[in-house]
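If you read the sequences in order, they're chains A and B. To convert a position in the first sequence, counted from 1, into the working numbering, add 728. To convert a position in the second sequence, counted from 1, into the working numbering, add 174.
Please note that a few of the clues may not be correct.
Residues from chain B shown here face chain A by an in silico Cβ test under 8 Å; the list is partial [unchecked claim]:
hint, residue
1, N265
2, D267
3, A268
4, E269
5, L270
6, R273
7, R413
Straight-line distance between alpha carbons at most 25 Å, and here's what the computed SDA-like set of lysine to any residue pairs gives [said to hold, decoys possible]:
hint, chain 1, residue 1, chain 2, residue 2
8, B, K360, B, L298
9, A, K894, B, G193
10, A, K981, B, D199
11, B, K319, A, A840
12, A, K981, B, K319
13, A, K981, B, Y404
14, A, K981, B, R291
15, A, K981, A, A931
16, A, K981, B, L270
17, A, K981, B, V311
18, B, K319, A, A901
19, A, K981, B, D345
20, A, K981, B, G193
21, B, K319, B, Y357
22, B, K319, B, D308
23, B, K360, B, R291
24, A, K894, A, F905
25, B, K319, B, K388
26, B, K319, B, M373
27, B, K388, B, L298
28, A, K894, B, Y357
29, B, K319, A, F905
30, B, K360, B, M373
31, A, K981, B, G237
32, A, K894, A, Q818
33, A, K981, B, R247
34, B, K319, B, A304
35, A, K894, B, E312
36, A, K981, B, M373
37, B, K319, A, Q737
38, A, K981, A, A840
39, B, K360, B, D345
40, B, K319, A, T816
Just so you know, these hints were derived from the structure itself, not from any lab. Quantities reported herein were computed from a predicted structural model and do not represent experimental measurements. Ideal Cβ placement from N, Cα and C applies to all residues, glycine included.
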Amino acid sequence: MPNALRIVQRNALVYRRTWRGNVLMTVVQPVLVLSAMGLGVGALVDRGGAALPGNVPYLVFLAPGLLAATCMQTASFESSFPISGKMTWQKNYHAIAGTPMRIVDIVAGELAWVALRLLAVSVAFTAALFAFGAARSPLVLAAVPAAILTGLAFSAPIMAFAATLKNGGNFNALFRFIITPLFLFSGVYFPVTRLPEWLQRAAPWTPLYHGVELTRGLVLHTLTWPSAAVHLAYLLVMCGSGTVAAVWTFSGKLRA
Amino acid sequence: MPSASGPLVLARALRKTFGSFTAVDGIDFEVRPGEAFGFLGPNGAGKTSTMRMIACASPVTSGELRVFDRDPRTDASAIKARLGVVPQADNLDAELTVRENLLMYARYFDIPQRVARDRAEELLAFVQLAERRDSQVETLSGGMKRRLTIARALVNEPELILLDEPTTGLDPQARHLIWERLYRLKRQGTTLLLTTHYMDEAEQLCDRLLVMDKGRIVAEGSPRELIARYVTREVLEVRMTDEVRAANAGRLATLGTHLEHLPERLQFYADDGEQVLEQIHQMGLPVERALVRRATLEDVFLRLTGRTLID
Ligand SMILES: Nc1ncnc2c1ncn2[C@@H]1O[C@H](COP(=O)(O)OP(=O)(O)OP(=O)(O)O)[C@@H](O)[C@H]1O
Ligand SMILES: [Mg+2]
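Just chain A, same shape as in the assembly (with noise of 0.2 Å):
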């Protein structure tokens, strides 16, 4: 068994406590904001005859976006207060780092230990989606590896960044300045053509927009390979760089 595995287990037995907040949260919540946006606004979207990539229903257009901006909130949150809280307070990390886990093992474990949370995101979301009957075809189901490839994408740098701060850090700009604005100005609720031109141009520049267009992409059938491309590139570089950063920045701590 690797021994990044035993990150997730020891997560895993901590997450054994507290699922049943956690699950409210998982499933609950997207099954909330779909039924809310998705047939409530989409109910006036779509009378209003507004032309949709596809042209799709709202519920249909939005369900996408929005699991993988779910995604990335999700791997936000899980990468930022824990981690920091690890590294500085309860100093586990320094423990582990005692033993023969390597640095690699224990960033590798708790990238691994998001991706399995954001798995069970998507799946609750997927299964939402067919019960609305916003799924038209299984190819609904080729969001999920998008959607959790775009949350590690934010994972990665965000546990890098975690680890530097103090007692237990401060998380407030990240949100407040980065992810929140993210979820609005990615394409989510809306085509970015919508948006005015120089925040259509600034888009592509932003990480969320691609996760959106490959997880809507690959479900409504509108990729082109060439797009495609470009999106997986800029996210795994992301997951690259910052898995390569937080190993730097846990090293930086851990062994000093």
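Take the given structure of chain A and dock chain B with the ligands to it, following the hints.
Relative to the frame of chain A, chain B with the ligands by itself:
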């Protein structure tokens, strides 16, 4: 594998710097299998820095360090597999229970679950925490946490245990329990390497001591040797009024082998304390209180590292 008699830890001109600050300034020592080896030294002497280098938690700045005849730079995982670490500050997993802390730690060492379960039970009994096995760590007292940290360090059946101030902040009962357990480990052949600020702890547990100050070694030897080398067999503590002390400073200084002026008492180092006391009586000086005691490691420590607080 090291040869049976080779040192478990070997340091030559070992240094550790943090930026321009030198925490460990070129020290040499060896820890031999089966012994209990202690680091003494005032706050900031470099004890923890040394321990952390041995534990492969902190890179060596320069000099040579070998643990189990391996290089911490290249063989960290192999070294850590055979090492038990009790850090100066507890770093237990606060989100797990007492028992889970041991089980999980065993997993980090790749110990099979079945073996880990048995070992956790044994260790919980060993440190007298069996009834608390399902408690959350946060609900434990300081002494219990310390015992759990020690149990955790034993989970991989280490050949060498590093204990950084194992009993600091604990009540006498808790300290004695820990001493007794450490003593048992030593009898079973485990090598102990510890730091402490308690001279009684050093005297009780350690075969050999190394006194550090400002990153350097100032003395090395068994507790008995250090006492013989740096202080006399006995110490006479005398309390007298400031006026008497001041008026007779010259005469008093001739008594015994060495006189130390402390704020509240005089301390004469002499092989026969009663004899010095007799001399004081013969001088006709009024003595408020007098006590002859054996010289202890504490006297050695204060003599070597000074009585003033450094930082
Ligand atoms: N990570 C670090 N960065 C900078 N300086 C450090 C670091 N760790 C230790 N030091 C400094 O190195 C010196 C030696 O510290 P160390 O912790 O080894 O002392 P110690 O002998 O264990 O002291 P104590 O008895 O108080 O635990 C101290 O002056 C300390 O401030
Ligand atoms: Mg220390």
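Here is what the structure says about each hint:
1. N265: holds (4 Å)
2. D267: For D267 (chain B), the interface hint holds, since the closest Cβ of chain A sits about 6 Å away, which is under 8 Å.
3. A268: holds (5 Å)
4. E269: Because about 4 Å separates E269 (chain B) from the closest Cβ in chain A, which is inside the 8 Å limit, the hint holds.
5. L270: With Cβ-Cβ at 6 Å, under 8 Å, it holds.
6. R273: With a closest approach of 11 Å, the R273 (chain B) hint is violated.
7. R413: violated (46 Å)
8. B:K360 x B:L298: holds (18 Å)
9. A:K894 x B:G193: holds (20 Å)
10. A:K981 x B:D199: holds (23 Å)
11. B:K319 x A:A840: violated (30 Å)
12. A:K981 x B:K319: holds (24 Å)
13. A:K981 x B:Y404: Violated. K981 (chain A) to Y404 (chain B) sits at ~41 Å, over the 25 Å cutoff.
14. A:K981 x B:R291: violated (32 Å)
15. A:K981 x A:A931: Roughly 34 Å between the alpha carbons, so the hint for K981 (chain A) and A931 (chain A) is violated.
16. A:K981 x B:L270: holds (23 Å)
17. A:K981 x B:V311: It holds: about 24 Å lies between the C-alpha atoms, which stays within 25 Å.
18. B:K319 x A:A901: violated (36 Å)
19. A:K981 x B:D345: violated (32 Å)
20. A:K981 x B:G193: holds (15 Å)
21. B:K319 x B:Y357: It holds: about 19 Å lies between the C-alpha atoms, which stays within 25 Å.
22. B:K319 x B:D308: This hinted pair holds, its Cα atoms lying about 14 Å apart.
23. B:K360 x B:R291: holds (24 Å)
24. A:K894 x A:F905: Roughly 20 Å separates the two Cα atoms, so the pair holds.
25. B:K319 x B:K388: violated (30 Å)
26. B:K319 x B:M373: Cα-Cα ~23 Å, so holds.
27. B:K388 x B:L298: Violated, at about 38 Å.
28. A:K894 x B:Y357: Judged against 25 Å, a Cα distance of about 39 Å means the pair is violated.
29. B:K319 x A:F905: Cα-Cα ~41 Å, so violated.
30. B:K360 x B:M373: Given that 25 Å is the threshold and the Cα spacing comes to 19 Å, the pair holds.
31. A:K981 x B:G237: holds (23 Å)
32. A:K894 x A:Q818: holds (12 Å)
33. A:K981 x B:R247: holds (17 Å)
34. B:K319 x B:A304: holds (13 Å)
35. A:K894 x B:E312: Holds: K894 (chain A) and E312 (chain B) sit about 21 Å apart, inside 25 Å.
36. A:K981 x B:M373: Measuring from Cα to Cα gives roughly 33 Å; hence the hint is violated.
37. B:K319 x A:Q737: holds (23 Å)
38. A:K981 x A:A840: Distance ~21 Å between K981 (chain A) and A840 (chain A) Cα, so the pair holds.
39. B:K360 x B:D345: holds (22 Å)
40. B:K319 x A:T816: Distance ~18 Å between K319 (chain B) and T816 (chain A) Cα, so the pair holds.
Violated hints, listed in ascending order, are 6, 7, 11, 13, 14, 15, 18, 19, 25, 27, 28, 29 and 36; each of the other numbered hints is respected by the structure.
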